[in-house]
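Asks: Taken in sequence, the protein lines are chains A and B.
35 is the number that this note's numbering gives to position 35 of the first sequence; each next residue is one higher, with no gaps.
215 is the number that this note's numbering gives to position 102 of the second sequence; each next residue is one higher, with no gaps.
The set of hints was computed from the structure by calculation and includes no laboratory data.
Ideal Cβ positions, reconstructed from N, Cα and C, are used throughout, including at glycine.
Don't take every hint at face value.
[Unchecked claim] Restraint-style ranges between C-beta atoms, simulated for each label pair:
id, chain 1, residue 1, chain 2, residue 2, range
1, A, 67, B, 128, 43 to 53 Å
2, B, 224, A, 78, 29 to 39 Å
3, A, 26, B, 191, 31 to 41 Å
[As the list claims (entries may be wrong)] Here are a few chain B residues that face chain A, going by a calculated C-beta distance under 10 Å:
id, residue
4, 117
5, 119
6, 146
7, 194
8, 202
9, 204
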Amino acid sequence: KNQVEQSPQSLIILEGKNCTLQCNYTVSPFSNLRWYKQDTGRGPVSLTIMTFSENTKSNGRYTATLDADTKQSSLHITASQLSDSASYICVVSSSGGSYIPTFGRGTSLIVHP
Amino acid sequence: DTGVSQNPRHKITKRGQNVTFRCDPISEHNRLYWYRQTLGQGPEFLTYFQNEAQLEKSRLLSDRFSAERPKGSFSTLEIQRTEQGDSAMYLCASSLGQGARYEQYFGPGTRLTVT
Chain A
1 KNQVEQSPQS LIILEGKNCT LQCNYTVSPF SNLRWYKQDT GRGPVSLTIM
51 TFSENTKSNG RYTATLDADT KQSSLHITAS QLSDSASYIC VVSSSGGSYI
101 PTFGRGTSLI VHP
Chain B
114 DTGVSQNPRH KITKRGQNVT FRCDPISEHN RLYWYRQTLG QGPEFLTYFQ
164 NEAQLEKSRL LSDRFSAERP KGSFSTLEIQ RTEQGDSAMY LCASSLGQGA
214 RYEQYFGPGT RLTVT
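Okay, chain A solo, but in the shape it has when bound (with noise of 0.2 Å):
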């Protein structure tokens, strides 16, 4: 069964400071690894995809890594600022079947100043 294990479950930090988030999964064939931003109330907006060949990607103060040996994934936020804070979801594709993703549960993240 596809599976996305995400950890922690939720995270407090202060304005400024870094944090990174983890996902582990079990989904075969591996296709791609997104990682969303999701403010409260509001639908998932895509940050980073990762596919098989692919160890680090960036999009401004997020950092996104994949070994897709050890079928592990972490979002790295530098310098944390308060409109950070929202849940962040790990989402993997297969490359067979449907191409339906497995969503993890998310982080929740709270930015304090």
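Using the hints, position chain B against chain A.
Replies: Chain B in isolation, oriented as in the chain A frame:
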């Protein structure tokens, strides 16, 4: 705004009533997805359309749920005889193609509260 739109944004209904939600995808996108999201959880897949054809339905989609996408444009999701357990955010997403590399663009969601 050329993104995915959903209406209404919020719906409060009494148990037993029927509700219908609408999703307007990005105009050239041929794939449309419906998801349900409860508090503290990631989105759960409900169903998807390729143009006007409904190609897959999740086991989460009970007989009380029905979705349509006439003419392959907008889509509606209807819930009959609503139950309190139906309270959730209903998200719609669309994508340009059917490969895994095609990003899904999400709408703002419809928040359903069943009292």
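Asks: All hints are to be evaluated individually against the structure, with a verdict given for each.
Replies: A quick look at each hint next to the structure:
no.: 1; hint: A:67 to B:128: 43 to 53 Å; in the structure: holds, 47 Å
no.: 2; hint: B:224 to A:78: 29 to 39 Å; in the structure: holds, 32 Å
no.: 3; hint: A:26 to B:191: 31 to 41 Å; in the structure: holds, 34 Å
no.: 4; hint: 117; in the structure: holds, 7 Å
no.: 5; hint: 119; in the structure: holds, 8 Å
no.: 6; hint: 146; in the structure: holds, 8 Å
no.: 7; hint: 194; in the structure: violated, 27 Å
no.: 8; hint: 202; in the structure: holds, 8 Å
no.: 9; hint: 204; in the structure: holds, 6 Å
The structure does not agree with numbered hint 7 stated previously, though it agrees with all others.
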